[in-house]
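Student: Okay, here's what each chain looks like letter by letter:
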Amino acid sequence: MFTKNCWYVACTPDEFAEKPLGRQICGERIAFFRNTDGKVGAVQDFCPHRGAPLSLGYVEDGGLVCGYHGLKMGADGKTLSMPKQRVGGFPCVKSYPVEERYGFVWVWTGDASLANTDDIPVLHWAEDPEWAYGGGLYHINCDYKLMIDNLMDLTHETYVHSTSIGQKEIDEAPVKTKLVDGEVQTVRHMENIKAPPFWQAALTANGLDANADVDRWQICRFNPPSHVMIEVGVAIAGNGGYEAEAQHKASSIVVDFITPETETSHWYFWGMARNFKPEDSALTDQIREGQGQIFSEDLEMLERQQRNILEFPERNLLKLDIDSGGVQARRIIDKLLEKEQQDSKITSVSA
Amino acid sequence: MFTKNCWYVACTPDEFAEKPLGRQICGERIAFFRNTDGKVGAVQDFCPHRGAPLSLGYVEDGGLVCGYHGLKMGADGKTLSMPKQRVGGFPCVKSYPVEERYGFVWVWTGDASLANTDDIPVLHWAEDPEWAYGGGLYHINCDYKLMIDNLMDLTHETYVHSTSIGQKEIDEAPVKTKLVDGEVQTVRHMENIKAPPFWQAALTANGLDANADVDRWQICRFNPPSHVMIEVGVAIAGNGGYEAEAQHKASSIVVDFITPETETSHWYFWGMARNFKPEDSALTDQIREGQGQIFSEDLEMLERQQRNILEFPERNLLKLDIDSGGVQARRIIDKLLEKEQQDSKITSVSA
Amino acid sequence: MFTKNCWYVACTPDEFAEKPLGRQICGERIAFFRNTDGKVGAVQDFCPHRGAPLSLGYVEDGGLVCGYHGLKMGADGKTLSMPKQRVGGFPCVKSYPVEERYGFVWVWTGDASLANTDDIPVLHWAEDPEWAYGGGLYHINCDYKLMIDNLMDLTHETYVHSTSIGQKEIDEAPVKTKLVDGEVQTVRHMENIKAPPFWQAALTANGLDANADVDRWQICRFNPPSHVMIEVGVAIAGNGGYEAEAQHKASSIVVDFITPETETSHWYFWGMARNFKPEDSALTDQIREGQGQIFSEDLEMLERQQRNILEFPERNLLKLDIDSGGVQARRIIDKLLEKEQQDSKITSVSA
Chain A
1 MFTKNCWYVA CTPDEFAEKP LGRQICGERI AFFRNTDGKV GAVQDFCPHR GAPLSLGYVE
61 DGGLVCGYHG LKMGADGKTL SMPKQRVGGF PCVKSYPVEE RYGFVWVWTG DASLANTDDI
121 PVLHWAEDPE WAYGGGLYHI NCDYKLMIDN LMDLTHETYV HSTSIGQKEI DEAPVKTKLV
181 DGEVQTVRHM ENIKAPPFWQ AALTANGLDA NADVDRWQIC RFNPPSHVMI EVGVAIAGNG
241 GYEAEAQHKA SSIVVDFITP ETETSHWYFW GMARNFKPED SALTDQIREG QGQIFSEDLE
301 MLERQQRNIL EFPERNLLKL DIDSGGVQAR RIIDKLLEKE QQDSKITSVS A
Chain B
1 MFTKNCWYVA CTPDEFAEKP LGRQICGERI AFFRNTDGKV GAVQDFCPHR GAPLSLGYVE
61 DGGLVCGYHG LKMGADGKTL SMPKQRVGGF PCVKSYPVEE RYGFVWVWTG DASLANTDDI
121 PVLHWAEDPE WAYGGGLYHI NCDYKLMIDN LMDLTHETYV HSTSIGQKEI DEAPVKTKLV
181 DGEVQTVRHM ENIKAPPFWQ AALTANGLDA NADVDRWQIC RFNPPSHVMI EVGVAIAGNG
241 GYEAEAQHKA SSIVVDFITP ETETSHWYFW GMARNFKPED SALTDQIREG QGQIFSEDLE
301 MLERQQRNIL EFPERNLLKL DIDSGGVQAR RIIDKLLEKE QQDSKITSVS A
Chain C
1 MFTKNCWYVA CTPDEFAEKP LGRQICGERI AFFRNTDGKV GAVQDFCPHR GAPLSLGYVE
61 DGGLVCGYHG LKMGADGKTL SMPKQRVGGF PCVKSYPVEE RYGFVWVWTG DASLANTDDI
121 PVLHWAEDPE WAYGGGLYHI NCDYKLMIDN LMDLTHETYV HSTSIGQKEI DEAPVKTKLV
181 DGEVQTVRHM ENIKAPPFWQ AALTANGLDA NADVDRWQIC RFNPPSHVMI EVGVAIAGNG
241 GYEAEAQHKA SSIVVDFITP ETETSHWYFW GMARNFKPED SALTDQIREG QGQIFSEDLE
301 MLERQQRNIL EFPERNLLKL DIDSGGVQAR RIIDKLLEKE QQDSKITSVS A
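Taken in order, these protein sequences are the chains called A, B and C.
Quick note on numbering: our numbering labels position 103 of the first sequence as 103, and the sequence is numbered without any gaps.
Quick note on numbering: our numbering labels position 59 of the second sequence as 59, and the sequence is numbered without any gaps.
Quick note on numbering: our numbering labels position 1 of the third sequence as 1, and the sequence is numbered without any gaps.
Don't take each hint at face value.
Because identical chains cannot be distinguished in the list, a pair is counted as satisfied if it fits within a single copy or across any two copies.
Unchecked claim - Pairs of lysine-lysine, PhoX-like flavour, derived with a Cα cap of 20 Å: (1) Lys84 - Lys168; (2) Lys39 - Lys94; (3) Lys335 - Lys19; (4) Lys178 - Lys168; (5) Lys72 - Lys168.
It should be emphasised that the hints constitute simulated quantities derived from the structure, not laboratory data.
All chains should be modelled from the sequences, with the hints used to inform the complete structure.
Tutor: Have a look at this one:
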């Protein structure tokens with residue numbers, strides 16, 4: 001069960017630059033393509049003629065041509081043409097509201113009449129020249145909610161990422177979880193500590209003393225359906241920590257879009273937005289590589305956790321204070337799901 | 001569900017020249033072997049002693065010896081001997097009517113009492129020194145009927161085989177489907193066109209002008225249970241097309257034996273029979289290689305189509321005029337299946 | 001269904017020397033680790049916090065630390081600690097009686113209150129300096145009882161191991177099966193034969209004539225739940241065969257611990273114990289390599305047999321005289337299983 005009346009990040013434009021992309025989102029098999037008018041199309045990945053995946057075809061003259069027998073599908077799910085055929089009576093396929101924004105393609109897999117692109121979250125850093133962004137995509141064989149748990153409880157950094165961003169002080173520092181305007185926030189501050197390797201490198205990149213005592217912060221922000229933005233950084237101790245002025249700190253936003261594929265797999269779009277040296281593309285690459293390496297350390301743990309949970313269906317998981325961010329995020333998802341199901345019943349009755 | 005009271009191509013003799021061959025045909029696991037009398041044997045691939053596959057064994061003194069404990073199985077499914085054992089009371093395994101003919105091994109997986117080798121189709125080209133044949137085998141993970149559809153509607157050549165035998169004129173030319181003496185025929189003629197690359201090479205091989213305008217034909221012939229022979233060729237335009245005399249054309253028969261393995265997989269025996277330069281074995285190899293390359297282009301499409309159909313079980317496929325050959329072929333298969341089930345009931349009642 | 005109130009060989013100490021080992025035994029997923037007190041621990045491979053496999057963690061200060069968020073599990077299945085958490089109320093995980101003995105780790109997956117290390121079989125050769133042992137481990141995708149069958153009927157050597165230990169005389173020699181004090185014995189003696197390659201090498205290693213006529217013996221001993229020890233050897237003919245004095249023979253004990261993983265897979269600990277040249281570790285290596293090679297020949301046969309049995313569920317297997325050892329072993333296992341289930345019911349009623 002997925003919340004469907006919402007925008008998920010489906011892919012990035014480079015993924016269908018050469019040829020259409022077939023991708024499953026919330027259990028729906030979708031063909032993404034850039035149409036001849038430049039707009040992105042998203043239709044069920046099923047040719048109404050003989051069932052071939054439309055994503056194996058190519059774009060031509062305003063539509064997606066099936067690579068088996070040449071049926072041309074429009075972005076609205078209606079067949080545009082087929083050689084020697086009258087296509088007026090052909091059954092439609094589902095088309096999906098889709099929007100290209102901030103360097104991502106956003107898709108709505110639920111009731112299309114409710115789709116409003118104003119509901120796509122505002123990503124200020126994506127359009128601000130003072131900021132730079134770099135990121136990547138992992139396919140992970142686990143429930144997307146396990147990834148939300150992972151990101152809303154960073155104590156795991158001490159264990160999973162012990163050689164880069166983890167440090168003992170993380171799980172020794174108290175964590176606060178609160179709900180602010182529908183956003184779940186998990187906040188942790190650590191004072192007068194040594195920076196771990198990743199942040200030492202960032203301090204050096206910013207011309208600061210990598211060996212100085214620092215104040216470190218992690219502010220995880222969950223917004224439904226499954227976006228987690230994490231403000232992270234360190235400031236030379238005694239300058240106000242999170243509130244310190246730019247010249248005393250190194251900071252950035254960890255960007256996580258977590259898109260369900262099936263009940264036990266998801267697409268994980270990860271990245272980092274920073275507001276220092278935005279023009280330095282070599283630095284962007286370097287950070288992307290480092291982050292990709294660190295985040296890949298979560299993969300095995302998450303996939304093994306998923307398999308283990310399936311192996312022990314009778315066991316419940318604990319909900320400790322450190323898990324509170326994930327617990328509250330799941331509660332929001334459950335409420336949205338419940339509302340969606342009720343709305344769907346009402347629609348059925350009134351229709 | 002498969003039509004079983006019929007002859008399928010099971011394998012070619014080279015496949016069990018070194019050691020027995022285990023192969024599943026119509027859901028039946030069968031061990032094929034050449035017995036010491038030179039005849040081909042086909043028995044259930046199950047040793048009645050401890051269940052090992054007999055195909056892991058070897059042939060010796062009139063039977064197939066199990067490679068685990070030495071039980072010797074006869075081609076009739078009765079145990080011939082076993083060291084230090086009296087085998088008279090051993091349970092039998094199923095044996096299958098089998099016939100080696102035309103360079104293929106034909107098997108009957110249904111009611112053995114109905115098997116008549118006279119029902120094996122006559123392949124005139126296989127025994128005529130004026131003809132040469134070359135071919136190969138692909139294992140494909142899709143319902144064998146999807147392959148019949150594929151071969152009875154060659155409009156897909158324009159899309160799937162665009163660089164070799166496909167050309168735009170194919171799906172622009174009208175197609176006729178008819179039923180002649182229980183054979184489904186799909187016929188397409190194209191006039192005054194340029195030959196596509198494959199046929200240009202064939203014209204050259206025949207000493208004809210590769211760049212001349214040609215008339216092209218495709219005559220697909222389906223015969224149950226699942227054989228599709230396709231007469232294909234080009235003639236220099238103005239010589240009568242299909243009816244042109246030999247010196248004006250290049251032509252051949254595409255040979256397709258499509259043998260079910262499971263409901264969603266099959267063995268595809270493909271080849272080409274030609275009546276020019278039959279003694280030129282280098283040409284045979286060259287054609288086999290080219291055809292193998294072209295036919296491999298269908299594999300991904302067919303397997304992805306199969307998976308997609310399983311993913312969208314609620315959707316029906318269209319039955320356009322171009323699909324008529326496949327539709328009529330399936331109708332014949334369904335009737336045979338129905339008859340087989342009725343006969344089976346009658347036998348049960350009278351027995 | 002497995003007999004669980006018994007000791008199985010689970011692993012060897014080298015398998016968790018570097019880091020914990022996750023292994024499934026009798027359907028139970030278990031984390032094995034060497035605790036800081038030097039003792040082996042065995043607990044359910046499931047962290048009660050968020051379900052990660054504990055075997056992905058590390059040992060520290062008296063417990064197994066989960067590699068995800070740092071929960072520390074004790075060998076008794078009770079959480080010892082977790083950073084910033086009070087763990088008194090944490091749910092336990094199952095812990096398993098475990099004993100390191102004879103170079104193996106033995107585990108009890110049934111009712112822990114019945115576990116008594118005195119029931120671990122005595123392996124005299126494992127502690128006697130006159131003996132040497134070498135062995136290995138195979139994971140095999142078949143019911144562990146098929147491996148018992150395999151080892152209790154050595155006629156298969158003639159077919160499966162024809163180039164090493166097999167010879168025609170094996171399946172020509174009569175075999176006797178008997179039950180002695182709860183142990184199933186299958187005995188075969190062959191007189192005045194030539195030694196097969198493996199034994200020729202052993203004769204040479206012992207300074208005997210490899211080409212002399214020999215008497216050969218195989219005494220297979222099954223003890224529940226699934227241990228098979230096989231006395232094997234050859235003696236220069238005319239010296240009393242099995243009873244011959246040491247200087248006339250080459251002999252050893254084939255050691256087989258067969259531990260169920262699932263209903264259709266098992267862990268096979270194989271090895272050879274010998275009482276000649278025990279100090280010659282090069283010879284130990286050489287024998288291990290040879291035995292490993294020979295025993296690997298059984299793998300394909302057993303896995304294919306398993307798949308075939310699953311494919312032909314309606315067929316029964318034969319129970320010939322040569323199968324009697326396996327049949328009687330299965331009968332003992334079935335009785336133990338029945339008793340275990342009755343005991344379990346009685347416990348349930350009285351509880």
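Student: Would you mind marking each hint as holding or not holding in the structure?
Tutor: Structure-based check of each hint:
no., hint, result
1, Lys84 - Lys168, "between (70 Å within a copy, 12 Å between copies)"
2, Lys39 - Lys94, "within (17 Å within a copy, 57 Å between copies)"
3, Lys335 - Lys19, "neither (38 Å within a copy, 42 Å between copies)"
4, Lys178 - Lys168, "neither (24 Å within a copy, 64 Å between copies)"
5, Lys72 - Lys168, "between (58 Å within a copy, 15 Å between copies)"
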